[in-house]
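Visitor: Protein chains in written order, with this note's numbering: chain A, 19 to 484; chain B, 19 to 484.
By construction, these hints were calculated from the structure, which means they are not laboratory data.
Mixed in with the good hints, there may be bad ones.
Pair ranges (Cβ atoms, derived) [to be verified]: (1) B/ARG363 x A/ASP413: 38 to 46 Å; (2) A/THR81 x B/LEU267: 33 to 41 Å; (3) B/HIS350 x A/GLU310: 53 to 61 Å; (4) A/ASP413 x B/GLU345: 28 to 36 Å.
Every value quoted in this text rests on a predicted model; they were computed, and no experiment measured them.
For glycine and all other residues, C-beta sits at the position ideal for the given N, C-alpha and C.
Single-letter residue listing:
Number of protein chains: 2
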Amino acid sequence: MTDDLHTLTVSTARDLIRQKELSPLELTQACLRQIERMEPSLNAFITLAADPAVEQAKRAGATLVKTPPEELPPLFGIPFAAKDLYDTANLRTTGGAQFLADNVPSADAAVIARLRAAGMILLGKTNTHEIALGVTTVNPHYGATHNPWDLARIPGGSSGGSAAALAARMCPAALGTDTGGSIRIPSALCGTVGLKATYGRVSLRGVLPLSWNLDHAGPMTRSVRDAALMLQVMAGYDPQDPASVNAPLGDYLTDIEGGVRGWRVALAEGDFIRAADAEVLAAVREAARIFESLGANVETVETSWLHAAAQANGLMTQADAAAFHHERLTAHPEAFGEDVRRRLRQGAAFSSTDYSLARRTQTEMRRRLEHFFADYDLLLLPSAAVTAPPIEGPDAVAQAKLLTRFTAPFNLSGLPALSLPCGFDRRGLPIGLQIAAAPWQEAKILQAGHAYEAATAWHKRHPTPA
Amino acid sequence: MTDDLHTLTVSTARDLIRQKELSPLELTQACLRQIERMEPSLNAFITLAADPAVEQAKRAGATLVKTPPEELPPLFGIPFAAKDLYDTANLRTTGGAQFLADNVPSADAAVIARLRAAGMILLGKTNTHEIALGVTTVNPHYGATHNPWDLARIPGGSSGGSAAALAARMCPAALGTDTGGSIRIPSALCGTVGLKATYGRVSLRGVLPLSWNLDHAGPMTRSVRDAALMLQVMAGYDPQDPASVNAPLGDYLTDIEGGVRGWRVALAEGDFIRAADAEVLAAVREAARIFESLGANVETVETSWLHAAAQANGLMTQADAAAFHHERLTAHPEAFGEDVRRRLRQGAAFSSTDYSLARRTQTEMRRRLEHFFADYDLLLLPSAAVTAPPIEGPDAVAQAKLLTRFTAPFNLSGLPALSLPCGFDRRGLPIGLQIAAAPWQEAKILQAGHAYEAATAWHKRHPTPA
Numbered sequence: 019m020t021d022d023l024h025t026l027t028v029s030t031a032r033d034l035i036r037q038k039e040l041s042p043l044e045l046t047q048a049c050l051r052q053i054e055r056m057e058p059s060l061n062a063f064i065t066l067a068a069d070p071a072v073e074q075a076k077r078a079g080a081t082l083v084k085t086p087p088e089e090l091p092p093l094f095g096i097p098f099a100a101k102d103l104y105d106t107a108n109l110r111t112t113g114g115a116q117f118l119a120d121n122v123p124s125a126d127a128a129v130i131a132r133l134r135a136a137g138m139i140l141l142g143k144t145n146t147h148e149i150a151l152g153v154t155t156v157n158p159h160y161g162a163t164h165n166p167w168d169l170a171r172i173p174g175g176s177s178g179g180s181a182a183a184l185a186a187r188m189c190p191a192a193l194g195t196d197t198g199g200s201i202r203i204p205s206a207l208c209g210t211v212g213l214k215a216t217y218g219r220v221s222l223r224g225v226l227p228l229s230w231n232l233d234h235a236g237p238m239t240r241s242v243r244d245a246a247l248m249l250q251v252m253a254g255y256d257p258q259d260p261a262s263v264n265a266p267l268g269d270y271l272t273d274i275e276g277g278v279r280g281w282r283v284a285l286a287e288g289d290f291i292r293a294a295d296a297e298v299l300a301a302v303r304e305a306a307r308i309f310e311s312l313g314a315n316v317e318t319v320e321t322s323w324l325h326a327a328a329q330a331n332g333l334m335t336q337a338d339a340a341a342f343h344h345e346r347l348t349a350h351p352e353a354f355g356e357d358v359r360r361r362l363r364q365g366a367a368f369s370s371t372d373y374s375l376a377r378r379t380q381t382e383m384r385r386r387l388e389h390f391f392a393d394y395d396l397l398l399l400p401s402a403a404v405t406a407p408p409i410e411g412p413d414a415v416a417q418a419k420l421l422t423r424f425t426a427p428f429n430l431s432g433l434p435a436l437s438l439p440c441g442f443d444r445r446g447l448p449i450g451l452q453i454a455a456a457p458w459q460e461a462k463i464l465q466a467g468h469a470y471e472a473a474t475a476w477h478k479r480h481p482t483p484a
Numbered sequence: 019m020t021d022d023l024h025t026l027t028v029s030t031a032r033d034l035i036r037q038k039e040l041s042p043l044e045l046t047q048a049c050l051r052q053i054e055r056m057e058p059s060l061n062a063f064i065t066l067a068a069d070p071a072v073e074q075a076k077r078a079g080a081t082l083v084k085t086p087p088e089e090l091p092p093l094f095g096i097p098f099a100a101k102d103l104y105d106t107a108n109l110r111t112t113g114g115a116q117f118l119a120d121n122v123p124s125a126d127a128a129v130i131a132r133l134r135a136a137g138m139i140l141l142g143k144t145n146t147h148e149i150a151l152g153v154t155t156v157n158p159h160y161g162a163t164h165n166p167w168d169l170a171r172i173p174g175g176s177s178g179g180s181a182a183a184l185a186a187r188m189c190p191a192a193l194g195t196d197t198g199g200s201i202r203i204p205s206a207l208c209g210t211v212g213l214k215a216t217y218g219r220v221s222l223r224g225v226l227p228l229s230w231n232l233d234h235a236g237p238m239t240r241s242v243r244d245a246a247l248m249l250q251v252m253a254g255y256d257p258q259d260p261a262s263v264n265a266p267l268g269d270y271l272t273d274i275e276g277g278v279r280g281w282r283v284a285l286a287e288g289d290f291i292r293a294a295d296a297e298v299l300a301a302v303r304e305a306a307r308i309f310e311s312l313g314a315n316v317e318t319v320e321t322s323w324l325h326a327a328a329q330a331n332g333l334m335t336q337a338d339a340a341a342f343h344h345e346r347l348t349a350h351p352e353a354f355g356e357d358v359r360r361r362l363r364q365g366a367a368f369s370s371t372d373y374s375l376a377r378r379t380q381t382e383m384r385r386r387l388e389h390f391f392a393d394y395d396l397l398l399l400p401s402a403a404v405t406a407p408p409i410e411g412p413d414a415v416a417q418a419k420l421l422t423r424f425t426a427p428f429n430l431s432g433l434p435a436l437s438l439p440c441g442f443d444r445r446g447l448p449i450g451l452q453i454a455a456a457p458w459q460e461a462k463i464l465q466a467g468h469a470y471e472a473a474t475a476w477h478k479r480h481p482t483p484a
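Next up, chain A with everything else stripped away, as it sits in the complex (with noise of 0.2 Å):
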């Protein structure tokens, strides 16, 4: 084999796999080098696991001779990276805290079980803004991931670590988890894919809350086939999830293929969205212009009344993680970085007329989009307003709120949204271009995603070497 195995795709690498021109101890070995090559420059992990998953690597390796394909669990020796929210047994889960430092699971989260059951093996714990509350901040206890397109700038957050991992082909596929864009600004920022999809479609159990009305668990890869075969393990009701619906699982892969000709695109337009960076405005456009030669029918729409979204958004997600963690709070404060204890106790000193009146915004929102998505098959717009910002700039509450302002509208209302790279700016820096729809239509996003992505070379394109 080639010495780039670690910048296989998982679509790739599993069929590589299948057909046994590529072992699972062989890829493993490729990420865990990779890792041990890039981390010192990225510190994209909080814990890796490089011993257990060669041994798992190893196991895989001696079943594979035994097994025909077609009997392969679907993931079978795939690596994956996960966000260190999500339970791991044995594995320390620290969620970005120093009060979890030593906490040691002992049982997964019910996606890093389904992932396990699906043949996949788990590298290591990607790094995270502490509780996961952050998007442009520098962890106090794990210390700031750098992007690799640009070290000196931030990868987003708070999936930043698994994002960065992708981007450096430390790993071909990663969990995050998005509370107002947390899967996708790190992905737009790192030139990776990242899907959420609808809300109580991925089972929470296990994973760290930081709202519990307003988290997603979500693949993060480099490909948005690899994103489909992610989420059609992942996906599935959980009864032991309150948050988790019973709604019909989708097929993501059949059509995926498929393409959007005849298919209703809406562009978002008007003031809400020209915040944005002209180079990111620029880039947008000139992915409808792409859907457009693919035969899809490109409208655009002023969508301004999404801008109440973000406010509820930030707040509802203040109030419910200090609610969650009152108890620490109250009694630890300090236990907390300064930060996080300051967007704590702002959550705590909002007012139940406050989160009342938030939760009505929700609600409204919700149906507002529903009745937008009657109309059209997908929404296009920007993934986040500006591409990476330096760590640690002197404006990172103002780079915040312009990069949750285009995400932040499916987190309340809960509706799928991805976002995949389209373009640079012109400092080289990756561009993500969000496609939104209406609720559990995750095929439909995935299969605009493919043709997107199959008209255009973006997610070809390495990082510049750190």
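For this one, chain A is given, so just place chain B on it according to the hints.
Guide: Same frame as chain A, now just chain B:
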């Protein structure tokens, strides 16, 4: 015709009108005469619409002679009353509040419009607690409604005017709203039938909100079949109501006589239930025995886990009400009566943490009840822990807790629940049986209620004339 037309059920009156043995005018006038007779002692109405009702009844009579029965709308010529929380075009709608004393809406609430389109005739607007907030207290602006079974006692709230009007045979059908039990409690205390369908089943558009997240609009009648006839017209998706859910409509009538043979019926037991008065408990247990005699498999089940619901439901109600009224509460606190002002201020004083934790209880209670109803078709429990307490008794708050204890779990969870008469205490006051089921199982609840009702005769007894 006889002189007791006002005692007819919706179902019987409907048949007689279709057979042209009864005219809408005769029926309407009989109800208006009974209102004239009883209203001085009951105070069930805030506003009457006698003249428009008579006019509409006359027009209906003209339509009736020239229309074949099968072309008549489903509730043609049947009078009804609406809680004064429902907007009625050109008829004042006070919400029980002084600050809305001169409020004359330009349009009907969605449900009023549906019932009018189905041929019903509005007699007037029934008394309620101020902004529907309260169960035991007296409306400071429109006075106490008296329970027809004992004028010194409350009819329950907040749909007490509707229940008293039904019990006193002032109308064959009425509308209530239910945020913590406000349809089911007065139905229990007045010996009538009240249904709270699944959250989102009946449109709330044009109904003054108490809690956006717990309010339910629903029918109140004197028989279970009548509740089914009303729900069949009232239910349905309303895209303009953000709380409405686009779930398939049930057929509430076809199988209503199907019985309960072989059904799995849980009878609630445990400390939680034993807070109920001994006579109430005995009546509900006897009802369970009747279900058994009808062929159901009855099992006693520990349900003390429902206990957390009432507190969360009460907190959320007060907080949501304070949020809805926050501008008036700040600028014009004197607009509210003392009791409601105090409750709204309590609501506003809850923190976002209080609210968020109550919301989490809501999510968990919904899931737990959904699991519960995977094992049982129905849950039987008292509607209220006590029979009608005295007006302005010394322990109004304690009584209110006893009244909402068993109803609130189905507001918090949004699951459907029916209250119907199941006997009398030693004072001759009615006792209510509550039947709950899984989401969207209104047809099942109505079928069970009808079977029980047909096997007993509680619904045929009238209150002692006042």
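Visitor: With reference to the structure, classify each hint as holding or not holding.
Guide: Comparing the hints with the structure gives:
1. B/ARG363 x A/ASP413: 38 to 46 Å: Holds, at about 40 Å.
2. A/THR81 x B/LEU267: 33 to 41 Å: 51 Å, violated
3. B/HIS350 x A/GLU310: 53 to 61 Å: 55 Å, holds
4. A/ASP413 x B/GLU345: 28 to 36 Å: 34 Å, holds
Checked against the numbered hints above, the structure breaks only hint 2 and satisfies the rest.
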